[in-house]
Structures are given as C-alpha cells and as structure tokens.
Amino acid sequence: MELKELYQEIILDHGKNPRNKGKCDKFNKDAKAYNPLCGDKVHIYLKLNKEKKVENLSFEGEGCAISLASASILTDIIKGKDFITAKKITNEFLNMIKDKTSVSNDILNEDQKTTIMSLSGVKKFPMRVKCATMVWHTFISALEGKNINE
Amino acid sequence: MELKELYQEIILDHGKNPRNKGKCDKFNKDAKAYNPLCGDKVHIYLKLNKEKKVENLSFEGEGCAISLASASILTDIIKGKDFITAKKITNEFLNMIKDKTSVSNDILNEDQKTTIMSLSGVKKFPMRVKCATMVWHTFISALEGKNINE
Amino acid sequence: MDINFIKSQFPIFKNKINGKPLIYLDNANSSQKPLRVIDRISKFYSKEFSNVGRSVHSLAVTATNRFEETRDLVKKYINAKSREEIIFTKNATEAINLVASTYGERFINKGDEILITELEHHSNYIPWHFIREKKGAVIKFAKCNDRGEVEIDEIKKLITNKTKIIGITHLSNVTGAILPIKKIVDLAKTKNIPVLVDGCQGAPHLKLDMQELGCDFYAFSCHKMYGPTGVGILYAKKKWLDKLPPYQGGGGMIEEVNKDKITFPGSPTKYEAGTLQTAEVVGFSESIRFIEDIGIKNIMKHEKEVMEYGLENLKKNNSVKIIGNPKEKGSIIAFTIKGIHPHDIATILDEDGVAIRAGHHCCQILHDKVGVAATARASLGIYNTKEDMDFLCNAIEKCKKIFEK
Amino acid sequence: MDINFIKSQFPIFKNKINGKPLIYLDNANSSQKPLRVIDRISKFYSKEFSNVGRSVHSLAVTATNRFEETRDLVKKYINAKSREEIIFTKNATEAINLVASTYGERFINKGDEILITELEHHSNYIPWHFIREKKGAVIKFAKCNDRGEVEIDEIKKLITNKTKIIGITHLSNVTGAILPIKKIVDLAKTKNIPVLVDGCQGAPHLKLDMQELGCDFYAFSCHKMYGPTGVGILYAKKKWLDKLPPYQGGGGMIEEVNKDKITFPGSPTKYEAGTLQTAEVVGFSESIRFIEDIGIKNIMKHEKEVMEYGLENLKKNNSVKIIGNPKEKGSIIAFTIKGIHPHDIATILDEDGVAIRAGHHCCQILHDKVGVAATARASLGIYNTKEDMDFLCNAIEKCKKIFEK
Ligand SMILES: Cc1ncc(COP(=O)(O)O)c(C=O)c1O
Ligand SMILES: Cc1ncc(COP(=O)(O)O)c(C=O)c1O
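So the protein lines, in turn, are chains C, L, R and Z. For the first sequence, the numbering used here gives the first residue as 1250, with consecutive numbering after it. For the second sequence, the numbering used here gives the first residue as 1250, with consecutive numbering after it. For the third sequence, the numbering used here gives the first residue as 3, with consecutive numbering after it. For the fourth sequence, the numbering used here gives the first residue as 3, with consecutive numbering after it.
Since the hints were made in silico from the structure, they are not lab data. Check each hint, because a few of them may be wrong.
[Unchecked claim] Partial list, derived from the structure: chain R residues whose beta carbon lies under 7 Å from chain C:
hint: 1; residue: S321
hint: 2; residue: V322
hint: 3; residue: E353
hint: 4; residue: H362
hint: 5; residue: G373
hint: 6; residue: A376
Glycine included, C-beta positions come from ideal geometry on N, C-alpha and C.
Excised from the complex, chain C in its bound form (with noise of 0.2 Å):
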C-alpha cells in the first residue's frame, strides 16, 4: 500500500517532532522558501566554519508531515559534515527522489541511509515531491549563498 510508504514512521516521528527547530547559534548564512500551492514555508539556518564544515544547521517551517519530515532529517543527517560531503548527499537526496530507487553514498551509515530513503515514498505521489525537496534545495542556496556578516 502506497500510503504506508508515504507515511512510514520514520517520517511521522519527524514530522510530529522535527529536530533541530528555531534559529540555531551563531548562524551565518540562512535561506527561505515558499510553495505557494499549498502555503509551506521554510528558513534554514547555518553556521559554515572556516574549515568550511557545517556547524550547526536548523530550520523554521510550517508545512505538512513531509516537508517537515524532510526538513528534520535533513538538518539532522548533514549537521556536522563538511561542505563537499553536504553537497553530495543532497545531490544523491534529489537523485533518488527524482529516479533512482536508493541512495549510494558512502559517507552515510545503514541508519541515515534508511531514514532518507524513508522519504522516497513520495515518489509515488507527484504533486507531493515538492513537499520533500523543497528543504533541500532551500539548504543549498544557504550554502553556497553569501556569509550574513560579509
């Protein structure tokens, strides 16, 4: 059953309690973005160090159990790696969400694989993608945008 795909545990759980929430310290790039369909909402928050590892990472959004499932995991699987390693598990994130079947990086244990791959089901409901990527590429324009203090 499709549903059950979409609404697996891992998501309800994030979607019900989101990690990382507010504005987290001393961030210094941020970026927001908004689906007017349907009124979701996202601000993310990040703080790149100067070793260019992201320090601290957080959101703030409103939205369903899918975007907010996506934006919670999100921050909680790319806190603390550096700005190579975020890039490509996004890229692999949007991969697997637009054919792909599984996530193949390296850089992930079983448990973080599982989790991101508990948002493919999404796949199966087109007008819902959005719900899912939008987080992701919200993170990386902060990423690659400009340092707040610049």
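Following the hints, position chains L, R and Z with the ligands against chain C.
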C-alpha cells in the same frame, strides 16, 4: 433557388446603376454608418423642407450589391415623401426584413412595393441582413437628426 | 429529485480512483461536466465549426448564431436587462481584471479608495492591487467576523467620500458565507459607488437575478457551473460599458481603423478582442440548460441538505475544526484537523477516492487572519450525496489513525 | 501523402452545406479539427477532468500532468530553450496585448517609436495603439510594396534610436507574403531592439524554430492549427519574462500575498492568472501530434502545390485580380472580381458549399492602401486539394454569370 431570390434582376440593376448617388443639392441633414465586419459604408444626404417633406435625397457609399441596391431603392422611393410617410415606409421595410412577408403600406404603388419586396430575399441570408438594413437605419438617423445649419 | 440519475449523466463517475469510486468534493475549484455539455462541444466541432462573426458562409452563420444564442441564454438566466451587458471572457479572473483595469484607468486617482474584504479570492484583490500601484490608490479591507462573514455595518464604517468602488464576493470560497450583496448595493447606491460582485461561487449555487441584486458588475466562471473551461462571464450594467474604455485591442473589436485614429463599437463587441472561445461558449449553453432542467432552487436545497448532514457529522469529531460558521452558508466546508496538515489530509483522502482541496484556496489574507497557512476544503456539487459525506468522515477517521500511530 | 485519408479524419467534411460537399477555404480565419483533437477533449472531460496545479488529489495530478506535458510539447515543437518560455493565453490577440501592455508599461516612453507594418492584422496594431495613447509614443508603419511584401530595407530605413520594439507578421493573412523575419531580427539585434512576431499565419503553415528565427516574442493561436478554440500561445525569451511586470492578476499567479505587499513567481506562472483553459490546452497536444504525424514540411509542400494550381487558374480569369504577388507566399489568396463585391462573391460561393471569407480580414490599413474596402479570400489547409481549387474557380464563374445578367 434562394440565390435567385437574393439577386433578383431589380437588385442587380439597382446595384449596378444606383440611383441618387452623390451629394444632393442643398442637403440640410446627413448621417453616416459603417459596418466594421465587411467595410460597407454609407452616407445619406437629405433636404427636408419647411413643410417637412423630403425634397431631396441621395447617398454616397461603398458596398455589396445588396447594400447599394438597398440605398438606391430607398432614395428612389422616399424622395418626395413627407416626414411621417418616410418613417412609415422605413418601418414597413424593416418589419418586412424582420418577420413579415410583404409590405402593406398603402402609400406605395404596386411597382414600388415590388421593388422594395425584392430586398426580402436577404431574409434567408442572415449574415447579409445588415447589408440591406443599414442604409434605412442611417436614413432615419439623418431624418431625425439636427439640421446642419443649426 | 433523483440524484443517482443526475450523477449518471457525468461520465467521470464511471472511473475508479485508486480502485475506489470517485467522491468529488472539489467543486469550488472546478465542477465536473455532464455528458450533454461534452457532447455539445464535440458536435459543434464535428458539424458546425467555424469562427464566429467574421465570415458570411453558412458554417460561420450557424456558428455565430449558436454563439450569440448562448449570450441570450445567459442574459435570461441571470436576468440582465440586455444581451449587450454580457461579455465573454477567459475566466472570472479576466472579467475582474477587465473592470479593475478599465474602471481604474478612468475613475480611480491618487488617494482614492478601493473597498474589498478579507474574504476575497486573490482574483478579486490582485487586479485592484495593480491599480493601487499604478494610481497611488488605497485598498481597504472590510473585516470578516468570527463567523467568517462580512457584515453590512463593517462596509458602512469603511465607506468614505473617497471610496470609488466596492469589490466583494457573493459567496466565500472558504467559509461559505453568503454576503448581503443586495444591502451593500443599496448602501453603495446612496453614495453613488459602483459594486463589483465576484460571483464565482455564487453562480453555481445561488439564484442569479441581476435586477434584484442591483450590482454594477458580476463576474463568474463557466467551469464551476458544469461548463467548459476557458470561458468566464462579465455582466456589467450598460451605462458602465458605454463609459469605460476598451480593454484588450485586436481583431473584431474595432469600428474604423486608420493609421492615426481608431474608433470602437459598443459593447459587447468592444470587449471581445480576437477569436473567441467559440466551442466553449456554445458548450456552456448546455450547462445552463442542465442547471435549468434541474432548477437552481432544487440544486440549492439538495446541496444544503447534504452539507448540513456533513457538517453535523464533522462537528462530532473533536479533532476537526470548521473554518467559519456563517448564518447563511453555501455548500463549502473548510476545516483543519488537529495535528495533521491539510496537505496530508488531502493525500490520505485521495487514497480512498475522496477528492478535496488543501491549501489557502487563493485566500491568503483570510488564512493569515485565521492563523493557519492552509486548510482542507470539501465543496459540493449537485451530484454529491449524504453517502459522500460519510465517505469523507470515514476517510478523516483514517487520517487520524495513520497519524496517531 | 494521402490527402483523402487525412481529410477523412475531419468529421466536418461528412456534412453537406446547402446540399453540397463542404469546400472549406477559410483556414486563415480558423481551421477545422480532426477527430483525435475532438476526442481528446471529450476524453479529458470524461475521464481526467480537474482544475490544474491547485489540488493534490489524483485527478488534479493527472490533469496537471497532461496540461504541463502540452507545454513541453509546444516547447519542443517550436524549439524554445525552456518550457518557462511558453505561456498559454486566450488567443494570439491576448498574447500580443500581454507584450504590448507589459513591455509598453515598462520600456516605452513619450516620443518613443513602435515599428509595425502596413500588413499587420488589427491584433498587432490596436494593442500598440493603446500604448501610443497611454505613453505618447509614435507608431511607424513600414510600407508594403506592390508585391504585398515588406522589405528589409524599408525596416532599415525606419529604425531610429527611438525605436523601442518591432512588431511584424510572419505571414500576411491577406497577401500571403512570408516576411524575412530572420533578417529583421538580425538587424534589430544590432540595435538592441526586441522583435515581436505575429505568428498566427506562420504557425499553421511554416516550420517554427525559435532558435533559428531568434525573435524575442512569437504569438500564435491554436485554433488555426487544427486545435481547439480558446487557447493562444506566447513564446517569449526568458530574459524578457524575467524583466517584465505581470499582466493580469489573480489566483495561481502569486507567490505571497499580504494586505500591503504582493510578490510574484517566475514565468510562466506569473502570466497565467485564474483557471486556465485546461481541456483546450490538453486538446491542443493532439493537434501538434497530428501536425507532426504528417510533418510540417509535407503540409507546406502540399499546400503550396494546391495554391499554385489555384493561382494559375484564377489568373486565367481576366476579371479576377489577385491582391499581392510576393516572392515567398503562404497558401492564402486574396482577390477581387471586377464588378462584384466580395460579400456577394462569398454568398454565391457558399451556395455551392465553398466557404471563403469576404471583408477586410482585420487589415484595414492594407485595404486602404490597396484602395478597396474589402476582398475575397481563399486560404488553405492540409485537407484542401486541387479539386477544391476547381470548385472555387467554377463557383467564381457562376458569380460572373449571375452578375452579367
Ligand atoms: C495575422 C493574424 N494576426 C492575428 C490574428 C488574431 O488571432 P486570434 O483571433 O486568434 O487572436 C489573426 C487571425 O485572426 C491573424 O491572421
Ligand atoms: C471566489 C472566487 N473568486 C474568483 C475565482 C477565480 O475564478 P477563475 O479561476 O475561474 O478565474 C474563484 C475560483 O477559483 C473563486 O472561488
């Protein structure tokens, strides 16, 4: 055959050799009209004298056989009639085109009736009705309009 | 009234959605089409098609007649004074843009006020926003009360001698509130302020009588009235159409064209530029006949019954919150469920073949006011039944189950 | 290519006109529709209908996909760079109004020049006239020569440093002249002047390649391409769509809406306000497929053959005068007959089932120049044959007989 009813000899004759073309002498009223669909134009000139008689009447115009014939026939028949009679005949004509089959006005002689009725062929050609009626409406505008010198 | 028979006229219901029968509750968005409307369009293309109003050949004559007959039908259906008061547009949105743009250009100046309401659909706000920007005008929003209505006193309070036009919805597409248009028009008349009514939701569900309403403009969309997409209608009092400038320019809407000067004909021609939505307009004639065959009063009565039954059941569910509670309510139910986002509700309901809409329904101002970004909305049509409401309620129970895990 | 087989796909030809088979020669006005287009619309309404882009239920997903697939098809068909460059409008007229209004508002000021031609359809003149009036701009008309063409040198002569835009037809709907768009665009580019092409007659008869043409805007109508009424298309380079303000305001074209501020999304969303012509757009996908199945080159070749055959025969008739004699000519023949008004010609031809158009074909400027108020026009489509041309010539003989009495 309906085409024959539309293009009766009287019509073709009036269409080819329209009577009363040009600006008539000492006209004191005029009115013009334009059919944007086909480009037909008509301009009525008339002299209404103190006794409220249409002393002189003519037209300028461009258009199809039907519209020229209608203008020609109108000017031919109305010239010399008084205000009230002219309006009566016009109404008779417009009613004939709209729903009746003949004109019943007793001011017209048999010949004039036949001439006017020759235009009734347009009834079977809805897109051509305006070709026949436009000049009559224009005539009424001129007749009821202001004196040019006022 | 045999709803099963009526429903059987809509081919869409022969299809299964995710293996389930379709329970279509997205009618405020767009309604489904009865076979006679679909067939009319096919027949028109197959037997009668030609561009209208331009050629003199037989096909063009027939097509033009069919097209103009629809104008007569609409005139009669909404009780307009003359056929010239009926203008075919692309949709209701274009109809409102037409008025905002032409009226705004001619009559709205710096500092003038446009009075709309917090209930308005974006289509009855953004066009005025453009005029606000162009002319330096002010938009005032009449507040909607806790019941989701706009009261006549609120309008009264906001009218000033700078108010140049009032734009107001007939029936809110979120709260379902039916607004006191006649009273507002009567009030506006004493101050010589024209009233534009957004009739998108009024037209499919209420009896339309322009003489009784008395409004200056009434805009609605055919696709919400069991009709084809691609056609909207603007009713406008003749006195305005005579006064206002043309909107779009092009073929078919001119009188005489020179290199330095152009003259325009009267309405409706002046406002119908380019090739029109011939087949769609002709198809719409069957929608009107469909509605007339059932009778709009019967439609109202049936929809009200079903809605009240549904509302009652929904209210029993403690997690469900209904948006608005207007005294006079059309068959539109917007709601939220505690802890479940409307998007998730819509997806889960869809799995059971229940089609509702989730989002802000183009009413962000209202949603901001209510304090939510989105709501779920079930909106009824003539083919909906109490059974459909049971389906809806059951599907909502399922949502809760999934999320309570 | 089997024209009989192609013609058999158009149900309209099964009908008799005044007891005679239909010889449809009014294609420049609007073309007939093949069964697959008609059926696609019916199927869409019967099985897939929903409003697009707004709801998340299954029907809405399907409808949205079908709708957006058409955008992709169009993009590919005209070789645009991206799908965002394809905007669905009501008709070509609206597409040109959209450009004139938004570009005019932003970039045209007092004294600026708009360069169009004497061949233009009213739809590519009146919208600019409105800007002339609003902004105090000037419209210059590139002259058409005796052959009924506009030459590149004429354009060159008229360009000044005040020229802000060039609006020009791809293929004249009266003389049939195919204009040297690529050369004009290349010239305009050296002066940084954008070019809008009125592609109404180009689209059904010529291969469309936006990268090759290089124009900034290209407007055309689906109903002239064997497609449904109610849809036009504006192709516009992305850089313009990014720069230009929105056109009509309403549901679906917003980003964020507040009481004092509104933000807009990118193209095409920004330009598609309100409920779109869902069924018509989806239906149009079958028109493109129909054209692609035959191949536009084959269509061009066939139409050219038939036209040349017809032209030759018409020229034998001393009373017939053909309007224009362009070197490159699309399948449109406008003519007059000595002593017989075009309106009368059209009526008499119709009696024999031959449907042509009489009038100024929305080109009054050109007709003034030629010195006639009206012409008769036979315009071809893929289903026309040499036999049809014979019918036309015979019917013209009949006209003469009636009038020679
Ligand atoms: C050259 C040309 N431009 C513009 C138009 C207007 O197209 P539409 O009426 O579909 O908007 C037409 C057809 O009527 C045309 O032939
Ligand atoms: C109240 C209201 N106004 C305006 C509109 C816009 O109608 P359309 O999209 O048909 O132009 C709608 C429907 O979407 C509506 O419900």
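Checked hints:
Because the beta carbon of S321 of chain R sits about 14 Å from the nearest beta carbon in chain C, more than 7 Å, this interface hint is broken. Because the closest C-beta pair between V322 of chain R and chain C is about 17 Å apart, greater than 7 Å, the hint is violated. Hint status for E353 of chain R: holds, given a least beta-carbon distance of 5 Å to chain C, under 7 Å. Annotation: interface hint on H362 of chain R holds; nearest CB of chain C at approximately 5 Å, less than 7 Å.
Below 7 Å, beta-carbon pairs count as interface contacts, and G373 of chain R has none with chain C, the closest being about 11 Å; its hint is therefore violated. Taking 7 Å as the C-beta cut-off, the interface hint given for A376 of chain R holds, the closest approach to chain C being about 5 Å.
The structure fails hints 1, 2, 5 (numbered hints given earlier, in ascending order).
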